[in-house]
Amino acid sequence: MHLHYPAALAALLAGIGLYGVLARRNAVLVLIGVELVLNAANLLLVTVGSQPGSPLATGPVLTLFVITVAAAEVCIALAIVLVMFRRFGHVDLTAVPDLGDDHGDDDDRDDHDDARDGAGAVTPAAPASPTAATGARP
Amino acid sequence: MTTRDIVFVVVGAITAGSALLAVSTRHLVHAALWLLVCLGSLAGCYVVLGQELVGLVQLLVYVGAIVVLVLFALMLTRAPIGANRDISTPVWQRVVAVLLGGATTSLLAAALVPALADVRVDADRPTTGTPEIAAAVFGSWVWPFELLSVLLLVALVGSFAVSRLVLRPGGDRP
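Residue numbers (numbering that gives the first Met the number 0), protein chains in the order written: chain X, 0 to 137; chain F, 0 to 173.
Next comes chain F alone, as it looks inside the complex (with noise of 0.2 angstroms):
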């Protein structure tokens, strides 16, 4: 084991520690707080794995907008202070959910994990560094680029059509 499997480890067990508390906590806000965690160790996965430039991003857009809309969204929505049980399905479907968690979880290890155990990579010096991705994103990727902000563009203006969308009982009367 290297320095960087050992770092990995420590912030993977945060990554996966940090996603489980966020699945299972009974306190709304909490679970938005304990994904912020959980991203922000997530970028820290991407930099121990050589991609700077992903891990910033990530902790950019991820912690700093998403998470935030997700705060945004439980503070609209009255999100009750305290634990709550009310927020997770009865015990059985919790139990079939645990299930299936646990085979999707087997499933991907026994299809992944074999397939990349003799790959081994120097991550001091990645193979595919800033300037690399710079030059693919303006270069071969430019149309899927100007694609996806136009994507984000048709998002915005889409999400607010939907919510000045007033559903009421008296059908479309203002």
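So that you can see chain X by itself, here it is in the shape it has in the complex (with noise of 0.2 angstroms):
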């Protein structure tokens, strides 16, 4: 078959997840964008790879290897989200940063984290609720 369908669709998959990073504002959805883009390159290192004469398995091998690679970015990305989420009550990338130490940020806080803290603040059991929530991810 001809490479130059795969190597076409490579390149649109690639824009199209440079489009989806730059246009979104929730970090899930942004995240959804790298993802296109790593399948653009696997793409096109089995394209590449499929060609006779390609060394040592290079392409699919590769490709194993960068799918690998995905599934750990993914874990620490979504850990850094969740985290994001539970100190900011929302996973906007495009608000405007709290870099505050200790004041002035009980304003953008949704009812959520304002519910834990003040259980926190009553009885010792602040501790409980990261753990609960480091127990929900698989």
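Be careful, since some hints might not be right.
[To be verified] Covered stretches of chain X (chain F as the covering partner; in silico rule of three or more C-beta atoms under 8 angstroms from a C-beta of chain F): (1) 4-17; (2) 45-55; (3) 67-80.
[What the hints assert, rightly or not] Per the computed footprint, the stretches of chain F lying under chain X, defined by three or more beta-carbons under 8 angstroms from a beta-carbon of chain X, are: (4) 3-14; (5) 39-53; (6) 65-71; (7) 94-101; (8) 124-133; (9) 140-147.
[What the hints assert, rightly or not] Residues from chain X that face chain F, not an exhaustive set, calculated with beta carbons under 7 angstroms: (10) Met0; (11) Leu21; (12) Arg24; (13) Val27; (14) Leu28; (15) Ile31; (16) Gly32; (17) Leu35; (18) Val36; (19) Pro59; (20) Leu63; (21) Phe64; (22) Phe84.
Hints were generated in silico from the structure; no laboratory data involved. From a predicted model like this one, the values you see are computed outputs, not experimental measurements. Backbone N, C-alpha and C define an ideal beta-carbon position, used for all residues, glycine too.
Dock chain one against chain two, each of which comes alone in its own frame, and use the hints as you go.
Take a look at the structure:
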């Protein structure tokens, strides 16, 4: 088969993924754009590696490696997203960052964090909340 | 055009269309589900290209694990059900994003398509089948392979440590 169809699809996926990274505010949706760019790279590796004479099965093997690295990356990224949600109450990447240390940042939180902090102030049960959130992750 | 070309064009059109919907829909959960369709049909593209093992690993890891992780993240961050305008940037920023994405696509296509225009492969008898991939992974690539397993372990421990991290206004108080 001709190899310029997969090459064109890889270029298209990379462009769509870049659009997804730039046009989204939600952190998880930005991550979806990054996944599309990674998949464009994978498709290009498989395409080029399926030519005759490519040594050491480089295309498919590197694709398997990239898939593994993508799994590790998604794992870390979602942990960071969860920490951001617990801290700020949203996952909006274009929001004005709240870099205050210990004051003036109670306004932009939602009821979830307020309720949890209220419970933590009354009883010493605050560490139970991150533990429960950790246990809920796969 | 051979039969594989026609099948690839059909499956690739499904992939590109679902990728477009994944980055442009206003429903948060629909974006993750369109990503699932996109990655699944991309596994079909790998099978059409003659790499069954890569297609199956793509199904197993991407569709089976990564999309589920993304769905979990959407649920744990309380993704609203229904159309939501707040998940996309303003219009001018999206116009710039369309321009940059289109520029990337045209640049990559202008570089790649002429480079691979004359190449024809016989995907019915691929030069690197599963036995060759296995021999390469456990032969030449065995040390990167082991390093990747260590990387996965580090990522597991690291994500556990990061998700235990509690950033709160009072600093480090428990």
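Going down the list of hints, with the structure as the test:
1. Under a criterion of three residues with beta carbons nearer than 8 angstroms to beta carbons of chain F, the stated coverage of the segment 4-17 of chain X is upheld, 14 such residues being counted.
2. A count of 10 residues in the segment 45-55 of chain X with a Cβ less than 8 angstroms from any Cβ of chain F is obtained; the coverage claim is therefore met, three being the minimum.
3. Counting residues of the segment 67-80 of chain X whose beta carbon lies closer than 8 angstroms to any beta carbon of chain F gives 13, which meets the minimum of three for the stated coverage.
4. Using a Cβ-Cβ cut-off of 8 angstroms, 6 residues of the segment 3-14 of chain F lie near chain X, which meets the minimum of three, so the contact claim holds.
5. For the segment 39-53 of chain F, the proposed coverage by chain X is satisfied: 9 residues have a C-beta within less than 8 angstroms of a C-beta in that chain, meeting the threshold of three.
6. Evaluation of the coverage hint for the segment 65-71 of chain F: fulfilled, as 5 residues show C-beta separations to chain X shorter than 8 angstroms, against a requirement of three.
7. Proximity of the segment 94-101 of chain F to chain X, defined as three or more residues with a beta carbon under 8 angstroms from a beta carbon of that chain, is established by the 6 residues found.
8. For the segment 124-133 of chain F, the proposed coverage by chain X is satisfied: 5 residues have a C-beta within less than 8 angstroms of a C-beta in that chain, meeting the threshold of three.
9. Requiring three or more residues with a Cβ within less than 8 angstroms of a Cβ of chain X, the coverage given for the segment 140-147 of chain F holds, as 4 such residues are present.
10. Of the supplied interface hints, the one on Met0(X) holds, with its beta-carbon coming within about 4 angstroms of a beta-carbon of chain F, less than 7 angstroms.
11. The criterion of a C-beta within 7 angstroms of any C-beta in chain F is met by Leu21(X), whose closest approach is roughly 4 angstroms, and the hint holds.
12. Nearest Cβ of chain F to the Cβ of Arg24(X): about 6 angstroms, under the 7 angstroms cut. The hint holds.
13. Hint status for Val27(X): holds, given a least beta-carbon distance of 5 angstroms to chain F, under 7 angstroms.
14. At about 6 angstroms, the closest approach between the beta carbon of Leu28(X) and any beta carbon in chain F falls short of 7 angstroms, and the interface hint on this residue holds.
15. For the restraint placing Ile31(X) at the interface with chain F, the shortest Cβ-Cβ distance is roughly 5 angstroms, inside the 7 angstroms limit, so the hint holds.
16. At its closest, the beta carbon of Gly32(X) sits 6 angstroms from a beta carbon of chain F; the interface hint therefore holds under the 7 angstroms criterion.
17. Satisfaction of the interface hint for Leu35(X) is found here, the shortest Cβ-Cβ separation to chain F being roughly 6 angstroms, below the 7 angstroms cut-off.
18. Interface hint status for Val36(X): violated, as the beta-carbon distance to the closest one in chain F is roughly 9 angstroms, over 7 angstroms.
19. The interface hint given for Pro59(X) holds, since its Cβ lies 5 angstroms from the closest Cβ of chain F, which is under the 7 angstroms cut-off.
20. Of the supplied interface hints, the one on Leu63(X) holds, with its beta-carbon coming within about 6 angstroms of a beta-carbon of chain F, less than 7 angstroms.
21. A hinted interface residue such as Phe64(X) counts as satisfied when its beta carbon comes closer than 7 angstroms to some beta carbon of chain F; here the least separation is about 6 angstroms, so the hint holds.
22. Nearest Cβ of chain F to the Cβ of Phe84(X): about 5 angstroms, under the 7 angstroms cut. The hint holds.
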